[in-house]
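**Q** So you can see what is in the structure, the chains are spelled out below.
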Amino acid sequence: MIEALQFEFMRNALAAGLLAAVICGIMGTLVVVNRTVFFSGGIAHCAYGGIGLAVYCGWPFLPGTIGFSLAAALVMAGVSLKAKHRADTIIGVVWALGMAFGIVLLDLSPGYHADLMSYLFGSILTVPGSDLWMMLAIGVGIAVLVALYYKDLLALSYDEEFARIRGVPVTALYLTMIALLAVTIVLVIEVVGLILVIALLTIPPFIVERHARSLMQMMVGASVLGCLFTAAGLWLSYRFDLTSGASIIMVAGIGFFMTLAIERIAGRLTHTKRG
Amino acid sequence: MTAPIVSITDVSFAYNGQTVLQDIHLDIGQGDFIAMIGPNGGGKTTLLKLILGLLKPDRGKIRVLGQPPEKASSAIGYVPQNVHINRDFPITAIDVVLMGKLGGSKRWSGSNTGDRREALTVLERMDAGGLAGKKIGDLSGGQRQRVFIARALVTRPKLLLLDEPTASIDTRGQADFYTLLKALNQDVTIVVVSHDLLAISTYVKSVACVNKCLHHHHQAEITGQMIDILYPCTVEQVCPVELVAHGLPHRVLKDH
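One line per chain: the protein sequences are A and Y, in this order. Per the working numbering: the first sequence = residues 1 to 275. Per the working numbering: the second sequence = residues 276 to 531.
No wet-lab data here; the hints were simulated from the structure. Just to be clear, a hint being listed does not mean it is correct.
[Stated by the list, open to error] Straight line, CA to CA, 25 angstroms or less: simulated DSS-like cross-link-like pairs of lysine-lysine:
#1 Y:Lys-433 - Y:Lys-336
#2 Y:Lys-336 - Y:Lys-487
#3 Y:Lys-480 - Y:Lys-409
#4 Y:Lys-480 - A:Lys-82
#5 Y:Lys-487 - Y:Lys-331
#6 Y:Lys-336 - A:Lys-82
#7 Y:Lys-346 - A:Lys-82
#8 A:Lys-84 - Y:Lys-433
#9 Y:Lys-410 - Y:Lys-433
[Claimed, not checked] What the simulated footprint calls covered on chain A by chain Y, stretch by stretch (three residues with Cβ under 8 angstroms from a Cβ of chain Y suffice, anywhere in the stretch; the number is not a length):
#10 12-23
#11 258-264
Beta carbons: idealized from backbone N, C-alpha and C, even for Gly.
Given these sequences and hints, build the entire structure.
**A** In structure tokens:
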């Protein structure tokens, strides 16, 4: 790893990966406890529609994509607030439609051939320094917002009805959380790709959830675990010349199944001791 | 007589076009201890949610402490029916109780030690002080119920609404639990939804039967012999709930 870090692109890749891991550790915790994993998938895929729209209309890339994803996310959030039992269907529709919309618009844009693979898996090895600063800014912004509204977010995630009775502005807070999620996903996708975002949003928080005693612990634990997966995955990708995003996800996946196995064995051991 | 804590006038509520509650009139006075009984789907939980301001009536007026429910809801302690499904949620019992301190507390102060001490005191009062540091998912149904009641009490409510609080407590625990409620009733007005009239009849002061309509059987009708308590709903034209008690357990029949 040390020798790999003499290259600037590796240093940037590592920094981008670690920042993504921390951002996804915080937001992923909220995603997992609020059960909005499918929702996040919808936002992430739908963002492709925004990319298509930005290219077709000649808009600057980021504002176009973020605007499009935000609008789609708020539509999905509105539906899930009004008709919970229909939410997953609507998300599925927006998911597919957004992606198809993007691809058709890219087809119609002259002279541009979109590389779907780089959107899916990102290009972490070619991250420019400016993107790192942007990610750092988002990371700090998210950490501050979550810290400020921690108690309210906890109440919202644990017991929405009770939060409402205690005077927490539940609807506004939920929509803000979703908007924050949409912005995060789009910005991080640009750097590390859609698949890695989903993996980092879900796998580390899930592993940590059962062992954490508070939402805060879960956020910190998921961030640390995400960083470990990212560093290990990047090293493997350098050492064996593998696609970096996919390597990181493979490491995270192995970690996921190892935890399940260890928990199962540990559970059986305590069970035998008791019985 | 002092002004009622809750006054419900001519309230109707429909869910997806289906009438759940119709022409409800109910005054809950200071110091009341009301058992709300009725068949499943009879509208008991809906009525609680209307009082809490979580639902809006289609018709009629609800006032809690003289205010619209959504403005007064912070004065109500609420113990919901389903004590949460996600067992893996990373939260300890004391943090669940502290949720009751939300609103009004200073955002920047982190975890306020005064609040923490108060939460612990309430937990101890519920005989659950030893559970404070345990993860909520590791507790038994009855223990979790105590934590949720502590969460409702720590809000220092004027009115306590409990939705089938003894569903996960065994018979002996239920008696203890209702004795505790009776003690609490000295300071707090209580409405408790229950299936089991027998278990609570010796503790409550009045019974409200809810099955689309509501009839409030006042004190006079239920004090006296146990046999009378078993048939509080003999006025069939008035009360929407029929009770049959041939030994134990009694059954609550639907509309007739």
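**Q** Are the hints correct? Go through all of them and say.
**A** How the hints compare with the structure:
no. : hint                  : in the structure
1   : Y:Lys-433 - Y:Lys-336 : holds, 20 angstroms
2   : Y:Lys-336 - Y:Lys-487 : holds, 17 angstroms
3   : Y:Lys-480 - Y:Lys-409 : violated, 36 angstroms
4   : Y:Lys-480 - A:Lys-82  : violated, 39 angstroms
5   : Y:Lys-487 - Y:Lys-331 : holds, 16 angstroms
6   : Y:Lys-336 - A:Lys-82  : holds, 24 angstroms
7   : Y:Lys-346 - A:Lys-82  : holds, 22 angstroms
8   : A:Lys-84 - Y:Lys-433  : violated, 32 angstroms
9   : Y:Lys-410 - Y:Lys-433 : violated, 29 angstroms
10  : 12-23                 : violated (count 0)
11  : 258-264               : violated (count 0)
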